[in-house]
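Visitor: Take the sequence shown: its position 2, counting from 1, is numbered 1014 in this note's numbering, and each next residue is one higher.
The list that follows gives simulated cross-link-like pairs (lysine-lysine, PhoX-like), each with its CA atoms no further than 25 Å apart: (1) Lys1109 - Lys1027; (2) Lys1019 - Lys1177; (3) Lys1046 - Lys1071; (4) Lys1149 - Lys1167; (5) Lys1175 - Lys1109; (6) Lys1019 - Lys1070.
Derived by calculation from the structure, the hints in this document are not laboratory data.
What you are looking at is a predicted structure, and each value in this text was computed from that prediction instead of being measured.
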Amino acid sequence: MKSKIKKLFYKYGAKRVVIDANGLGIGLMDYMVKPQVDEYGDTLPDFGVYNDPEGFYKKFRTKTCEFDAIYQIKANVPINSEAHSILQTALNTGKIKFLIDERVAKNKLLGTKLGQSMTPEQRADYLKPFTLTSILKEEMLNLREENEGMNIILKRANKGIKKDKFSALEYGVYYIKQEEDSNKKKKKKFNAKEWMFYS
1013 MKSKIKKLFY KYGAKRVVID ANGLGIGLMD YMVKPQVDEY GDTLPDFGVY NDPEGFYKKF
1073 RTKTCEFDAI YQIKANVPIN SEAHSILQTA LNTGKIKFLI DERVAKNKLL GTKLGQSMTP
1133 EQRADYLKPF TLTSILKEEM LNLREENEGM NIILKRANKG IKKDKFSALE YGVYYIKQEE
1193 DSNKKKKKKF NAKEWMFYS
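All chains should be built: construct the whole structure from the sequences, respecting the hints.
Guide: What follows is the structure, encoded as C-alpha coordinates:
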(Lines of atoms letter the chains of each structure in order from A and count residues from 1; the text may use other names and numbers.)
(Lines give C-alpha, C1' and ligand atoms only; values in the text may rest on other atoms or scores of the structure.)
Protein backbone atom coordinates (compact mmCIF):
# COMPACT_ATOMS: atom_id res chain seq x y z
CA MET A 1 0.00 0.00 0.00
CA LYS A 2 2.72 2.49 0.99
CA SER A 3 4.86 1.81 -2.10
CA LYS A 4 1.66 2.23 -4.13
CA ILE A 5 1.43 5.85 -2.93
CA LYS A 6 4.90 6.54 -4.30
CA LYS A 7 4.05 4.86 -7.60
CA LEU A 8 0.88 6.94 -7.93
CA PHE A 9 2.94 10.05 -7.18
CA TYR A 10 5.12 9.34 -10.23
CA LYS A 11 2.31 8.02 -12.41
CA TYR A 12 0.33 11.26 -12.16
CA GLY A 13 3.28 13.64 -11.87
CA ALA A 14 2.02 14.89 -8.51
CA LYS A 15 3.59 17.87 -6.81
CA ARG A 16 3.07 16.55 -3.28
CA VAL A 17 1.51 13.78 -1.21
CA VAL A 18 -0.66 15.13 1.60
CA ILE A 19 -0.45 13.05 4.78
CA ASP A 20 -2.35 13.41 8.05
CA ALA A 21 0.69 13.12 10.32
CA ASN A 22 -1.28 12.37 13.50
CA GLY A 23 -2.01 8.92 14.96
CA LEU A 24 -1.50 6.15 12.40
CA GLY A 25 -0.19 8.75 9.95
CA ILE A 26 3.07 8.98 11.89
CA GLY A 27 3.86 5.39 10.89
CA LEU A 28 3.13 6.23 7.26
CA MET A 29 5.43 9.25 7.48
CA ASP A 30 8.24 7.09 8.92
CA TYR A 31 7.85 4.72 5.97
CA MET A 32 7.58 7.37 3.25
CA VAL A 33 10.77 9.20 4.26
CA LYS A 34 12.84 6.06 3.65
CA PRO A 35 13.64 4.24 0.37
CA GLN A 36 11.84 0.97 -0.43
CA VAL A 37 12.23 -1.85 -2.91
CA ASP A 38 8.94 -2.93 -4.49
CA GLU A 39 7.81 -6.42 -5.48
CA TYR A 40 9.56 -6.07 -8.86
CA GLY A 41 12.91 -5.13 -7.33
CA ASP A 42 12.63 -1.46 -8.28
CA THR A 43 13.91 1.05 -5.74
CA LEU A 44 11.53 3.81 -4.72
CA PRO A 45 13.40 6.81 -3.25
CA ASP A 46 12.81 8.45 0.09
CA PHE A 47 10.35 11.35 0.06
CA GLY A 48 11.36 14.65 1.62
CA VAL A 49 8.93 16.71 3.71
CA TYR A 50 8.06 20.18 2.42
CA ASN A 51 6.81 21.66 5.70
CA ASP A 52 9.28 20.36 8.26
CA PRO A 53 10.14 23.50 10.29
CA GLU A 54 12.03 21.58 12.97
CA GLY A 55 14.00 19.61 10.37
CA PHE A 56 13.06 16.31 11.97
CA TYR A 57 12.86 14.39 8.68
CA LYS A 58 15.97 15.91 7.07
CA LYS A 59 18.18 13.29 8.70
CA PHE A 60 16.56 10.58 6.55
CA ARG A 61 17.42 12.22 3.21
CA THR A 62 19.58 10.31 0.78
CA LYS A 63 21.20 11.36 -2.51
CA THR A 64 18.15 10.11 -4.42
CA CYS A 65 15.62 11.92 -2.21
CA GLU A 66 12.44 13.24 -3.85
CA PHE A 67 12.64 16.65 -2.20
CA ASP A 68 9.52 18.34 -0.79
CA ALA A 69 7.27 15.49 -1.96
CA ILE A 70 5.26 15.32 1.29
CA TYR A 71 3.03 17.96 2.84
CA GLN A 72 2.24 16.88 6.39
CA ILE A 73 -0.86 18.06 8.20
CA LYS A 74 -0.71 18.04 11.99
CA ALA A 75 -4.45 18.40 12.35
CA ASN A 76 -5.99 19.99 15.42
CA VAL A 77 -9.39 21.59 16.13
CA PRO A 78 -8.59 24.99 14.52
CA ILE A 79 -7.02 23.39 11.41
CA ASN A 80 -9.92 20.95 11.05
CA SER A 81 -12.39 23.81 11.44
CA GLU A 82 -10.60 25.80 8.73
CA ALA A 83 -10.48 22.72 6.47
CA HIS A 84 -14.25 22.17 6.94
CA SER A 85 -14.91 25.78 5.96
CA ILE A 86 -12.62 25.64 2.90
CA LEU A 87 -14.24 22.42 1.64
CA GLN A 88 -17.76 23.75 2.23
CA THR A 89 -16.95 26.89 0.22
CA ALA A 90 -15.43 24.83 -2.60
CA LEU A 91 -18.54 22.63 -2.75
CA ASN A 92 -20.98 25.56 -2.60
CA THR A 93 -19.19 27.47 -5.35
CA GLY A 94 -19.04 24.45 -7.65
CA LYS A 95 -15.24 24.19 -7.62
CA ILE A 96 -15.59 20.48 -6.81
CA LYS A 97 -17.65 18.22 -9.03
CA PHE A 98 -18.35 14.57 -8.30
CA LEU A 99 -18.43 11.64 -10.69
CA ILE A 100 -21.82 10.24 -11.72
CA ASP A 101 -23.50 7.58 -9.57
CA GLU A 102 -21.85 4.17 -9.85
CA ARG A 103 -25.12 2.51 -10.98
CA VAL A 104 -25.50 5.05 -13.80
CA ALA A 105 -21.84 4.52 -14.75
CA LYS A 106 -22.33 0.74 -14.76
CA ASN A 107 -25.44 0.97 -16.98
CA LYS A 108 -23.60 3.26 -19.39
CA LEU A 109 -20.63 0.90 -19.49
CA LEU A 110 -22.80 -2.16 -20.10
CA GLY A 111 -24.50 -0.26 -22.91
CA THR A 112 -21.24 -0.33 -24.87
CA LYS A 113 -19.57 -3.20 -26.72
CA LEU A 114 -16.39 -2.58 -24.73
CA GLY A 115 -18.24 -2.87 -21.42
CA GLN A 116 -20.02 -6.06 -22.50
CA SER A 117 -16.73 -7.67 -23.53
CA MET A 118 -15.02 -6.90 -20.21
CA THR A 119 -14.41 -9.54 -17.57
CA PRO A 120 -16.04 -8.87 -14.16
CA GLU A 121 -12.59 -7.91 -12.81
CA GLN A 122 -11.98 -5.41 -15.63
CA ARG A 123 -15.44 -3.95 -15.11
CA ALA A 124 -14.90 -3.59 -11.37
CA ASP A 125 -11.54 -1.92 -12.00
CA TYR A 126 -13.09 0.53 -14.48
CA LEU A 127 -15.96 1.35 -12.09
CA LYS A 128 -13.73 1.70 -9.00
CA PRO A 129 -13.55 5.55 -9.12
CA PHE A 130 -17.36 5.69 -9.28
CA THR A 131 -17.67 3.18 -6.42
CA LEU A 132 -15.23 5.17 -4.26
CA THR A 133 -17.18 8.36 -5.03
CA SER A 134 -20.37 6.69 -3.80
CA ILE A 135 -18.60 5.70 -0.57
CA LEU A 136 -17.33 9.27 -0.18
CA LYS A 137 -20.87 10.65 -0.59
CA GLU A 138 -22.16 8.17 1.99
CA GLU A 139 -19.48 9.33 4.43
CA MET A 140 -20.39 12.96 3.84
CA LEU A 141 -24.12 12.35 4.35
CA ASN A 142 -23.30 10.70 7.67
CA LEU A 143 -21.60 13.82 9.07
CA ARG A 144 -23.40 16.29 11.32
CA GLU A 145 -22.05 19.81 11.80
CA GLU A 146 -21.80 21.27 15.30
CA ASN A 147 -20.28 24.51 16.52
CA GLU A 148 -18.07 24.82 19.57
CA GLY A 149 -17.31 28.52 19.92
CA MET A 150 -15.65 29.60 16.66
CA ASN A 151 -14.83 26.02 15.67
CA ILE A 152 -16.78 23.73 13.34
CA ILE A 153 -16.93 20.13 14.53
CA LEU A 154 -18.11 17.31 12.25
CA LYS A 155 -19.46 14.25 14.03
CA ARG A 156 -20.51 10.91 12.59
CA ALA A 157 -24.21 10.12 13.07
CA ASN A 158 -23.53 6.41 12.49
CA LYS A 159 -20.25 5.36 14.10
CA GLY A 160 -20.14 2.29 11.83
CA ILE A 161 -19.53 4.49 8.80
CA LYS A 162 -15.94 5.73 8.54
CA LYS A 163 -14.85 9.12 7.24
CA ASP A 164 -11.46 8.21 5.77
CA LYS A 165 -12.28 9.23 2.21
CA PHE A 166 -13.92 12.44 3.37
CA SER A 167 -10.82 13.34 5.42
CA ALA A 168 -8.58 12.60 2.42
CA LEU A 169 -10.67 14.92 0.23
CA GLU A 170 -10.80 17.62 2.89
CA TYR A 171 -7.06 17.63 3.61
CA GLY A 172 -6.30 17.60 -0.11
CA VAL A 173 -8.49 20.66 -0.67
CA TYR A 174 -6.97 22.29 2.43
CA TYR A 175 -3.46 21.82 0.99
CA ILE A 176 -4.50 23.27 -2.38
CA LYS A 177 -5.87 26.36 -0.62
CA GLN A 178 -2.55 26.81 1.24
CA GLU A 179 -0.72 26.62 -2.11
CA GLU A 180 -3.09 29.13 -3.73
CA ASP A 181 -2.68 31.56 -0.83
CA SER A 182 1.11 31.16 -0.91
CA ASN A 183 1.18 31.88 -4.66
CA LYS A 184 -0.95 35.00 -4.18
CA LYS A 185 1.49 36.30 -1.55
CA LYS A 186 4.43 35.71 -3.91
CA LYS A 187 2.68 37.66 -6.67
CA LYS A 188 2.00 40.57 -4.29
CA LYS A 189 5.69 40.71 -3.38
CA PHE A 190 6.62 41.08 -7.06
CA ASN A 191 7.82 44.62 -7.74
CA ALA A 192 7.71 45.64 -11.42
CA LYS A 193 10.24 48.44 -10.84
CA GLU A 194 12.90 45.88 -10.03
CA TRP A 195 12.53 44.45 -13.54
CA MET A 196 12.54 47.71 -15.49
CA PHE A 197 15.51 48.47 -17.69
CA TYR A 198 16.49 51.85 -19.09
CA SER A 199 18.63 52.62 -22.10
